[in-house]
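S.K.: Protein sequence lines, in the order shown, are assigned to chains E and L.
To convert, note that position 99 of the first sequence is 87 in this note's numbering; the numbers rise steadily by one, no gaps.
To convert, note that position 22 of the second sequence is 30 in this note's numbering; the numbers rise steadily by one, no gaps.
Since the hints were derived computationally from the structure, they do not count as laboratory data.
Please note that the accuracy of each hint is not assured.
[What the hints assert, rightly or not] Taking lysine-lysine and the DSSO-like style, the derived pairs with C-alpha atoms no more than 30 Å apart in a straight line are:
hint	chain 1	residue 1	chain 2	residue 2
1	E	Lys(-1)	L	Lys81
2	L	Lys86	E	Lys3
3	E	Lys(-1)	E	Lys59
4	L	Lys86	E	Lys71
5	E	Lys32	E	Lys66
6	L	Lys86	E	Lys59
7	E	Lys66	L	Lys108
8	E	Lys32	L	Lys78
9	E	Lys32	L	Lys86
10	L	Lys81	L	Lys108
11	E	Lys66	L	Lys86
12	E	Lys71	E	Lys32
[Claimed, not checked] The following residues of chain E were derived to be distant from chain L, with all beta-carbon distances above 12 Å:
hint	residue
13	Glu2
14	Ser6
15	Trp10
16	Ser15
17	Gly28
18	Lys32
19	Lys50
20	Glu73
21	Thr90
22	Val103
Quick caveat: nothing in here was measured; it's all calculated off a predicted structure.
All C-beta atoms in this analysis are idealised placements derived from N, C-alpha and C, irrespective of residue type, glycine included.
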Amino acid sequence: EAGVAQSPRYKIIEKRQSVAFWCNPISGHATLYWYQQILGQGPKLLIQFQNNGVVDDSQLPKDRFSAERLKGVDSTLKIQPAKLEDSAVYLCASRAVRGTRTEAFFGQGTRLTVV
Amino acid sequence: AQTVTQSQPEMSVQEAETVTLSCTYDTSENNYYLFWYKQPPSRQMILVIRQEAYKQQNATENRFSVNFQKAAKSFSLKISDSQLGDTAMYFCALGEGAQKLVFGQGTRLTINP
């Protein structure tokens, strides 16, 4: 089966600019996560979708970050305006709600550098 | 609230040795899953092994096995006959049904030739 696709792989922007990341989950996976992983740390959940509804966005900095999942499939994560501390890898993952495969499958991530 | 703690920031062993990575967690749920993920320098997270909390038997996958102590909320990963390709960051993660998946801070494992 095709894996989780993310783009772009790398992005360099100046502070105060905006940026968007795209994620295409595994077909049929109802749950989609966006994680922020700062170098040397574990992934931190930004937002979780169940189909096209938000389940948890408690750690999303809503003054600058936004995310949507149209039609319960693809998702985009946007940062506007970016700050230096947003430099990180942004990971997208998807997970089936039912069935025996309970683990999350991850994309390769987008490395964002804010200068 | 769910929490996952990995108390070993770094570990290093010689090739072919056995190494154990520690993880403790906290949850108020009875139904949950535990995972170990590997993240090599390419940065894609790869599932190593998973354990369903309702199963008493410890999960094994070839050279990888876990020691799941539910009462102590402990979930350690044992890697036998370690190989150079096992060098990576290892993350312990806790998932509850369809709810959020929480990760620990990771252990950087280096296998030396």
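S.K.: The structure should be examined with respect to each hint, and the outcome stated for every one.
M.R.: Each hint tested on the structure:
no., hint, result
1, Lys(-1)(E) with Lys81(L), "39 Å, violated"
2, Lys86(L) with Lys3(E), "43 Å, violated"
3, Lys(-1)(E) with Lys59(E), "26 Å, holds"
4, Lys86(L) with Lys71(E), "40 Å, violated"
5, Lys32(E) with Lys66(E), "16 Å, holds"
6, Lys86(L) with Lys59(E), "42 Å, violated"
7, Lys66(E) with Lys108(L), "21 Å, holds"
8, Lys32(E) with Lys78(L), "24 Å, holds"
9, Lys32(E) with Lys86(L), "25 Å, holds"
10, Lys81(L) with Lys108(L), "18 Å, holds"
11, Lys66(E) with Lys86(L), "39 Å, violated"
12, Lys71(E) with Lys32(E), "17 Å, holds"
13, Glu2, "24 Å, holds"
14, Ser6, "24 Å, holds"
15, Trp10, "17 Å, holds"
16, Ser15, "18 Å, holds"
17, Gly28, "8 Å, violated"
18, Lys32, "8 Å, violated"
19, Lys50, "17 Å, holds"
20, Glu73, "18 Å, holds"
21, Thr90, "5 Å, violated"
22, Val103, "20 Å, holds"
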